Amino acid sequence: MVASVAPAVIAPRARVVPTGRLAVWGGFALVLAVAPLIFPSGLGVSMLSQVGIAIVACLSYNMLLGQGGMLSFGHAVYTGLGTFVAVHALLGIGDGSVPIPVSLVPFVGGVAGMFFAVLLGYVTTKKAGTPFAMITLGLGELVTAMSLMIPEFFGGEGGISANRTVGKPFMGITFGPQIQVYYLLAIYTLACTAAMYAFTRTPLGRMLNAVRDNPERVEFIGYSTQRVRYLSFIIAGFFAGVAGGMYALNFEIATAEVVGAGRSGAYLFFTFLGGATFFFGPIIGGILMILGFALFSELTKAWQLYLGLIFMFMVMYAPGGIASLIMMNVRIARYKKLHRLWGWYAMLTATALLMLAGLAGLIELVYHLQLAETTGSTVRYLGMTLDTHSAASWLGALVVAALGFAAFEFVRRRFALEWGRIQGEIEATMAFKEPNSPVPEGGEAAAREATRGAP
Amino acid sequence: MEFFTISMLNGLSYGLLLFMLSSGLTLIFSMMGVLNFAHASFYMIGAYIAYSIAKVTGFWPGLVIAPIVVGAIGAIFERLCLRRVHKFGHVPELLITFGLSFVIIELVLLIWGRTAVEFPPPEVLRGPAFTLINSSVTGLQLVAGAAPAAMCTAADAAVRVVCSPFPATRGFMMLVALAMLVALWLLLTRTRVGLVIQSALTHPEMVESLGHNVPRVFMLVFGAGAALAGLAGVIGGTTFVTEPAMAATVGSVIFVVVVVGGMGSLAGAFVASLLIGILQTFAVALDYSLASVFRSAGISLTSDNSLLKLTISQVAPILPYLLLVLILIFRPKGLLGTREG
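So the protein sequences, as listed, match chains A and B.
As numbered in our numbering, residues 3 to 457 make up the first sequence, in order.
As numbered in our numbering, residues -15 to 325 make up the second sequence, in order.
Keep in mind the hints are simulated off the structure, nothing from the lab.
On a predicted model such as this, the values are computed, not experimentally measured, just so you know.
Glycine included, each C-beta is placed from N, C-alpha and C at the ideal position.
Derived list of chain B stretches under chain A, where covered just means 3 residues or more per stretch with a C-beta under 8 Å from a C-beta of chain A:
no., stretch
1, 64 to 70
2, 74 to 88
3, 238 to 246
4, 295 to 306
5, 312 to 321
Produce the complete structure using the sequences and hints provided.
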């Protein structure tokens, strides 16, 4: 009897090919495959390789921040130690003491990251929330300081370097040319992204979300929040280590900087900017990170100041990051109301640009005064020539900034009203369509969550 | 003996400086549940603002004005930014102070440049407060101010004389910190505002329904905490170096202090500050390594391992973090903490 009932229960879950999901993953793989054909220059391929590394690192960071609510200030410890061990593995392959192919070096980094996460994570995950953040900070400092104390392993100030072309060529692949490294890293990026997405669907991944949202209740139904955090931390450590190993292959060098607080801060920064509440947010974050480090730093010397200001602005107005902004608009588009916002977006962008232009003019003037006074008093800015000695330049920038701010604030208030109206209409439509609405899909619920704090 | 006394005093003064920082941090944390990541940045701008004021008016007005300015900046930040993200929860609160610390460092680089600035202590505080003279003939002597050169050089080669001066800035640091400690204690326990603050720590809703403006109390506490950090910055800036890295050097240590002392416990912060101050000062002065210990025990090592050759002074920077790890394993509440995080 029982046996005959069981299939009937399982039957409704017959396999449906998830075309939408397949399309997304296929698209991602396609983008990774054709990207170097679009940017075939040396710089392009090198940056694409770095983007792959950053994506894996930010995704692994988001396993803690977004999925577990654990704000870590020491994630570079795991990526960095992964890099160091991977470089040692490369050296070992070179002298024949480590019998593995070069293509498995990122995996070695992952195992190293996992090992250190097992070791240090036990102390770290004893706490959650703010104490967790402080402990990760302390451990990060500890490892950074230690890295300069043990030159045998860390190579002191100069770091250690290795050669990635030491392995036997396999079907002509030597990992000498950057493009070969890129494709290896792309495979790792794809595999790690898929694995981390799969993790969010496992019982452990789900429990991790529960621990983030309501730890008391999780304890009450019999789970140990500490163990859930610890296990997730170990898995995040593994993927962080893979990112570190990818870094080792790409740069062939590991210095003390790779475990430093600056790098940990960068992971936090860009994961958050990309959006911690959605799985794909850190992918955006990783791309922004490399663009930021490579391009913006060329554009202006004050780029870190702009970055800090943007970050504060995002925390206050869009705590879900860029991903949540995208998803909110996707939701509005789904209800065919997006056309009402285009005008507002155009006006917001125009006034924001005006404000930024003025503000940036001021910042560039001050920066020039501070850092490059010897090269003359003039600054090239937006096709104009500003002079740090002329009052007109300062006053002009100030007036533009003030006008821009006033206009932006004026538009923003009216936009917020319109935004609220649209959200209200959508809620009403939803309530009308489905009086007993079923459990909403994850993305939708999160989007609604995020809209509350929006403008 | 004179080594011990001077190191102890140095350690105490450094510990008291740490307490000036961690007291504000603890107060803000226990009240608002916000870990102010930018606390050390307030310390830094305190030093820089005092430096700018001191160039115009001299040191003493700077000592008073700079903390007030920093306190005002802190209060404005709380009102405009922190209060806005309060409804999103603790992680965004921590993130916005993290963002602020980033912006402040960049602004300091922008305004005052990348290199250390010259911020000397005032005339009165230059030179030693007193000098300990240890002579193998006359024993230990204490001389106020700098000791005359004649007392520090032995006429006879067989007599060993060691002079250890104690800097006046360090003494001043202790004095200010102790005065601040007493003032803070009196404020919290003896005044009306202090009682409101204390009750808002545990029962904010009740205090609010009794007609007190709790958000404004939060703003004042945040401003006051920032002002304390600013005051510590003025003193720390003259005693040590005023440079853009000064926030980072002290920043992570005060977080260790707060965890080791127990989150939200002022007394714990005090004990932990002194403990870490003394620990670090002594460690910096000691020159022993594992290898030298083995050697004195009669075991000669042929290994060239750098771990064995590390002296205690070299590992001094990591001692606070090791203490942190040990405390977390053996006493997760912290030394005097009452709550499990």
